[in-house]
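**Student:** These are the residues of each chain, in order.
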Amino acid sequence: MSDTFTTVDPTPTDWRDPAMQKRIQRRYAAERRFRLIGLGAVLLSAGFLAFLLVSMAMNGLNGFRQTELRLDVDLRQSNIALTAAQLAGPNAEQALAEVDFEGIVRRTADTQYGARGARLFSPAGRLVLRNAVKADPSLLTRPATLWLPAESGIDQAAKGHGNADANARYRPLDEAGRARIGFNSTLLTGADATDPTAVGIWGAFKGSLLTMIITLLIAFPVGVLSAVYLEEYAPRNRWTDMIEVSINNLAAVPSIIFGLLGLAVFLQVMHLPRSAPIVGGLTLALMTMPVIVIAGRNAIKSVPPSIRDAALGIGASRIQVVFHHVIPLALPGILTGTIIGMARALGETAPLLVIGMRAFIASPPGGLGEPATALPVQIFLWSDEVSRGFVEKTSAAIIVLLVFLLAMNGLAIYLRNRFEKNW
Amino acid sequence: MSLAFILLLVLGLGVVAWLSAKARAAAFAGPSRERPHSLPVYHGWYVALWAVLPALLFLAFWAFLSDRLVADALLSSPQAAALPAIDMQRAAILAEARGLATGAIASAHHPQAAALAPVYASAIAFYAWLGLAIALLLAFAGGAWAYTRLSPSFRARTRVERIVMALLLTASLIAILTTLGIFLSLLFETIRFFSMVSPGEFLFGTHWSPQTAVQPGQPAGFGSVPLFWGTIFIGAIIAMIVAIPLGLMSAIYLTQYARPGLRRWMKPMLEILAGVPTVVYGYFAALTVAPAIRDLGISLGFSASTESALAAGLVMGVMIIPFVSSMADDSIAAVPQAMRDGSLAMGATKSETIRKVLVPAALPGVVGGVLLAVSRAIGETMIVVMAAGLAANLTANPFASVTTVTTQIVQLLTGDQEFDSPKTLAAFALGMVLFLVTLALNIVALRVVKKYREAYE
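Protein sequence lines correspond, in order, to chains U and Z. Here the first sequence is numbered in the working numbering, starting from 1 and rising by one per residue. Here the second sequence is numbered in the working numbering, starting from 1 and rising by one per residue.
Please keep in mind that the hints were generated in silico from the structure rather than gathered at the bench. It cannot be assumed that every hint is accurate.
Reference excerpt, derived from the structure (chain U facing chain Z, CB under 8 Å, subset only) [to be verified]: (1) Val222; (2) Leu230; (3) Leu286.
These numbers were taken from a predicted model, which means no experiment stands behind them. Quick reminder that beta carbons are idealized off the backbone N, C-alpha and C, glycines included.
Turn these sequences into a full structure, and let the hints guide you.
**Tutor:** Structural data, given as structure tokens:
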């Protein structure tokens with residue numbers, strides 16, 4: 001049989017030959033196998049993403065819930081020096097700060113839950129009581145039933161993750177109807193704390209927000225202006241080449257190197273405040289700028305030359321052509337690139353760690369120069385904590401971060417589909 | 001009297017200048033008179049820019065200068081004569097006095113700080129007023145000078161466009177400045193580091209224990225070979241073993257086999273993998289993947305630790321899949337249709353065409369993409385910080401803990417940063433190595449890709 005291949009055989013190929021049939025079948029089987037391997041690779045990648053998202057959601061959804069214990073509070077008995085008039089006045093915050101809410105919770109809990117009752121409650125309990133009084137001053141003059149957050153062990157027992165001791169403490173509470181599971185509003189309004197039931201992401205989120213504002217204010221104008229210059233005006237010479245090479249390299253430099261730059265330049269040389277959103281914002285702006293430049297150049301490049309020619313033809317100057325015609329037409333593309341760059345900056349952690357935005361910050365930052373942390377850094381800090389309570393808070397913070405990133409990317413895709421023209 | 005207030009005041013003056021100059025220029029035009037060279041709005045911009053830009057430049061300069069001037073004024077005051085000569089105590093007292101003066105803290109711990117606070121407050125106020133006065137003077141002078149130049153024949157538009165052009169050029173120079181800043185700041189600190197530790201020991205030594213450098217008497221180890229090995233092991237070996245087959249096969253399936261409907265859904269899905277923040281991957285690796293890998297390692301009889309190279313490498317590989325896949329996608333699409341048609345016409349099946357024609361033809365592009373992916377993997381920080389561990393082991397056991405360059409940079413810069421100890425400076429030396437290696441990888445990768453594109457054009 002093999003001889004027939006080496007010599008020229010005038011007879012046509014015998015497709016029905018069993019050896020030929022077998023060979024063809026083998027080749028087709030290989031074809032099917034290859035196809036299945038390809039499908040497997042795609043499904044494996046997608047499955048990994050699904051596994052990641054599902055495991056975060058499973059862990060994190062519990063973080064949005066908090067076990068609460070019932071506490072009958074009567075502030076008239078605690079003889080506190082706070083009046084409704086004070087709460088309505090301008091010094092309400094100061095008057096509230098002088099009240100020992102922690103002591104009130106402790107004593108009331110001890111009388112209602114036995115000798116160690118106060119230890120059932122989370123340290124965040126006093127804040128809940130304080131905010132309840134602030135929202136409703138009539139609590140000062142009447143007995144009321146409040147639901148205060150339980151401590152972490154009880155909380156986990158209620159969600160089915162408790163240890164034997166916590167389960168034993170939780171069961172009687174549950175049977176007496178003194179425990180319920182409610183929405184964890186502290187998580188969305190609070191800042192970092194040492195106790196997992198008292199932590200919140202608002203502090204870190206505000207830090208991220210301030211950082212992003214600085215990043216946007218610097219990276220967007222600088223990025224767009226350099227994109228315009230490089231695409232529309234730059235002469236072809238060595239300087240322009242150097243700018244282009246710099247921008248392309250900056251886009252590929254590892255983010256932690258930008259952190260080292262921020263540490264050396266903004267903190268060591270310029271002495272800007274440590275751990276502050278302004279330094280984080282400047283560092284991330286340098287990192288985001290090349291992304292915006294590259295996206296901006298592509299958007300400007302896609303505006304057809306006929307638009308420029310028409311504007312030049314009726315007497316517009318070169319600046320007028322660009323600012324009146326090219327930029328408005330390229331804006332959707334530029335904005336899409338900007339949003340994608342900002343989403344990347346929002347999820348970035350490493351450079352912020354290096355410039356010191358990793359401190360324990362127990363209150364939201366008040367300004368650009370105050371110590372702050374950012375949402376991804378907060379996730380990193382919480383991930384070091386071993387307790388089950390922090391695991392679900394970390395995952396809950398991740399869910400919030402992912403929701404924001406998805407929303408930003410979704411907006412970018414929407415803008416691209418809605419406004420981008422194919423010339 | 002904050003800087004923001006002065007800024008707003010100057011910008012307000014700019015608006016006034018714009019409005020008044022525009023109004024004056026509008027009066028130039030008339031039926032009987034000669035036609036002005038520029039539209040009124042350009043006259044407005046010309047005067048406004050002259051009013052705002054010099055004042056803004058001054059304020060940027062003043063923001064750095066005024067702190068030093070305040071400190072000088074303070075130290076020359078009689079109250080400062082009693083300050084201790086030791087730098088650290090002095091700095092602490094000065095910081096406290098500053099906090100008191102600006103109202104950041106309510107009461108002083110140190111009596112000298114309390115005495116200095118009023119002097120501090122008055123010095124701050126004096127220089128704030130001085131800054132405001134000079135800024136306003138500059139704004140008025142600039143605006144007035146520009147205003148007097150306005151006339152119907154004045155070429156306001158040309159002037160404004162020249163300023164805009166200068167702004168554009170400045171903006172694009174920031175990219176060069178950033179690159180230069182990165183390079184110089186890394187270079188200076190690296191040179192300082194090499195004056196304490198020899199480059200030979202740093203690059204070829206195998207003993208890494210920088211933390212002991214703080215304690216006198218113990219030998220500090222700055223041999224980074226275990227770090228380089230850990231980085232290569234995780235980023236270039238394990239991650240690529242995961243990412244190259246999965247990324248390449250996904251790209252092949254999605255471009256060659258998948259129906260358009262499936263492709264429309266799966267491609268963005270793969271892109272989401274690239275958009276997930278690395279801290280999330282790191283957490284996932286540490287929380288879910290690492291314990292599973294440890295159990296697997298123990299059941300296979302390896303010495304396994306909770307933080308393992310395999311856990312970090314696997315998750316990093318998944319993160320890299322979209323990069324490999326999109327680069328492979330581009331290079332397969334660039335193979336000329338004629339080559340594909342030729343192979344199919346010869347009777348080859350689709351998979352034979354792909355394996356024997358498309359992939360070999362697209363190989364340079366794929367290799368370029370893999371190099372870019374490697375450069376991204378070795379610069380990745382959070383996954384390895386959270387999942388790879390800190391022990392500088394020189395081992396090929398994937399279940400053991402290894403450490404990487406980026407992990408150690410973060411570790412060295414955590415806590416006290418003293419810019420004269422080799423511990424802190426070592427982070428910059430590692431950064432320099434990382435910067436140069438990723439730069440080289442990127443340049444090589446881009447050259448490979450470019451050359452390959454030219455081959456088919």
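**Student:** Determine for every hint whether it applies to the structure shown.
**Tutor:** Consistency of the hints with the structure:
| no. | hint | result |
| --- | --- | --- |
| 1 | Val222 | holds, 5 Å |
| 2 | Leu230 | holds, 6 Å |
| 3 | Leu286 | holds, 5 Å |
Consistency note: the structure conflicts with none of the earlier hints.
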